[in-house]
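Fit chain S to the given chain P structure using the hints.
So the sequences go chain by chain: P and S. Residues 0 to 375 in numbering that gives the first Met the number 0 are what the first sequence lists, from first letter to last. Residues 0 to 383 in numbering that gives the first Met the number 0 are what the second sequence lists, from first letter to last.
Among the hints, a few may not be true.
No farther apart than 30 Å at their CA atoms in a straight line, the calculated lysine-lysine pairs in the DSSO-like style are these [claimed, not checked]:
1. K247/S / K147/S
2. K89/S / K247/S
3. K142/P / K369/S
4. K142/P / K94/S
5. K247/S / K142/P
6. K307/P / K147/S
7. K258/S / K247/S
8. K145/S / K258/S
9. K180/S / K57/S
10. K156/S / K89/S
11. K89/S / K142/P
12. K180/S / K94/S
Just so you know, the hints here were simulated from the structure itself, not pulled from any lab data.
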Amino acid sequence: MSFSKIKFDKKIVLSFWIILIALIIAAPTLLPVFRLNLLGRYLSLSIVALGVDLIWGYTGLLSLGQGIFFALGGYCAAMYLQITSSSEFPNNIPEFFALYGVEKLPFFWEPFRSPIFTFFAIWIIPALVAGLIGFLVFRNRIKGVYFSILTQASLLVFFNFFNGQQKLINGTNGLKTDVTQLFGQMVGSESMQRLFFWVTAILVLASWFFAKWVVKGRFGNILIGIRDDEPRVRFTGYNPVIFKTIIFSIAGGLAGISGALYTVQSGIVSPQFMTVPFSIEMVIWVAVGGRGTLLGAILGAVFINYAKSLVSEALPASWMFIQGGLFILVVTALPEGVLGWIQGDGPRNLLQRFGLKRKIETYPSLEINNKEGNNG
Amino acid sequence: MELLLDSLFNGVAIGSVLLVAALGLAIVFGLMGVINLAHGELMMLGAYTTYVTQLIFKIPILKPFYNSYIIVSIFLAFIVSGVVGILLEKTIIRKLYGSPLETLLATWGVSLILQQFVRSVPLAYGTGLVISLLIGLFLPTTFPSKIKESINFKYFKFSTWIFAALTGVLTGSIISSSVSKLSRASARNVDVTAPSWMRGQVEIIGTAFPKTRLMIIVITLISVIAITLFLNQSAWGMRIRAVTQNRKMSDCLGISTEKVDIITFGIGSGLAGVAGVAVSLLGSVGPNVGGNYIVGCFMVVVLGGVGNLLGTVLASFGIGIMTDLIGAGRLLSIWPDMPLPLSNTINFFATTSMARVMIFALIVIFLQFKPTGLFPQKGRMVEN
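Pulled out of the complex, with its shape left as it was, chain P reads as follows (with noise of 0.2 Å):
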């Protein structure tokens, strides 16, 4: 991470930001319903991506589990449209049900009629079940790979438990969304379709909003210390336990909201959203964005998975390969991220290279010692 951030002409930022809101704008209308399904599902995936960016660009905690808290908004969202769109079938229970010889509805379902209790799971269940696991995992002290490693497999406990439980939430088939209803519209149709678009833009929007403001001022600064050098937070007299707590519950919150609007534009919630491969995909996203920068994380979500669903229409052997190869390329060689790059040093540097010479600020030791006195 660099100090010293380049300003940009506020021209250039303007404009910028003018033509980002005239396209999302544009969006629906110039985009074909397919393609922009497409980009509404890879926005609501840069949700996700965002919590991702407070607590691994910010905190220094690499979650490898945020497929639990995505997958858990989804379910969340789903469970309510097929309660609400079960009239027809018999006993008043979603159909899948009946394949299954249940009659009598599992008693975690019941709150999932109310609208308003359903609004409010979406976000807080993740975060509770987030703070919950984070709390007990920083409780003790356990840290960095530790950590990811922990989450990896809190993963897998929750992947097992939805794979295999066919009677409570139809298991490994998970549930479907697009042919219920929602306002007396089928929730897969067009309009509804472009009203989820709609949704979505404004929340990316608020969630970022919503990012910059819980990294601004002091908690921020106690993050980014954590960050950097925990022991010395905790000399200082700060409780880093509670901190990594709110903010890894905070993340989970986003991941459940993500997954909700994921869900209902996808058509169906399953297990497989809590697959190993999924929830490290996140991390690249906010890698290749660039961590730390927020704004990084939302454009890496949505770029990666447009790139990936072109290429995969192309050549689908060789996403793997391009994957691979983006993991190793940025962390050998672009740990700052495509736009932590662009505000660092990245374009001074590679001006320097072709020949133009770089302006020296301060002691010219100093400056070619700088990364590695912050290593050390």
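Using the frame of chain P, we list chain S on its own:
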């Protein structure tokens, strides 16, 4: 008694697969602090090596020795995975020492590439590639020191790489022309058939044990003993332990830390290959075979205490026995008339996937009380 013995054997069998898979990881993670998520894919390479060896031993010249192919493949798998591991160390991991989270992401990328590689490259040419890597990496080290120290050594190195590439292409095309099954790329799973002397069962004290399971236990036992002897008795083992304890001081005393890194990583990866042979005996071999083991392996290492082989051994057998007890619902048959709520709970978890849920949950609870595993490293630092 019979039931208990049966349960114990099953647990030990499950545990020994975990142990042989986690052993390499324990070395790489415990001694070098590198999170190698491509470990599962190195296992997969070992499993594919077994398959390729089996097919090669079916061609007429080698047919008489067919029954011994599994022994040969253990050594070949060690070499194949070891060479790929060394290449990995030399190109990527070397740049990332000291930042484990970065190695985690980079090795995940490597694992994706390796998975896709076995899907889209014919196995015959894959074999050729490994052979050329082997020659290119190791032939220069056997040159007399006179050549090594001369200024023109880089030309010698370059020419060995050309030689290596040619040999690789040649062996690749020979294999693909003589074994038709290896000449086309396929994403399908393949099956390794055990030689005839390994099929069937052995009876010990009135209970029948499948021979393949016994073979895996034997492989595990030999690997554990060999690696313990290597680390504790050999000169390089001592150097590895020295570098683990204090890298800077070892460097000052004239130990080539670079070589130690390569050897440690090579051995850890090679052990993954050996684990691959064991895994190939259990079921079909596919590009995703390693992914099923990787998280379990990490749990074993964390539970046992990082950098402690005894802990790894105990943890894997503990997990193995618990998996069998919970997953097969054996507690019910041992204690048939337990109260109803308890037996219902046990029945709920009595499937393979739910047993996994239970085991991981138990491990997380255990780590609440002993966050650094069974045998923690002792130290006085704030951070470790």
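To see whether the hints hold, each was checked on the structure:
no.: 1; hint: K247/S / K147/S; verdict: 27 Å, holds
no.: 2; hint: K89/S / K247/S; verdict: 20 Å, holds
no.: 3; hint: K142/P / K369/S; verdict: 14 Å, holds
no.: 4; hint: K142/P / K94/S; verdict: 22 Å, holds
no.: 5; hint: K247/S / K142/P; verdict: 25 Å, holds
no.: 6; hint: K307/P / K147/S; verdict: 47 Å, violated
no.: 7; hint: K258/S / K247/S; verdict: 14 Å, holds
no.: 8; hint: K145/S / K258/S; verdict: 20 Å, holds
no.: 9; hint: K180/S / K57/S; verdict: 11 Å, holds
no.: 10; hint: K156/S / K89/S; verdict: 16 Å, holds
no.: 11; hint: K89/S / K142/P; verdict: 28 Å, holds
no.: 12; hint: K180/S / K94/S; verdict: 39 Å, violated
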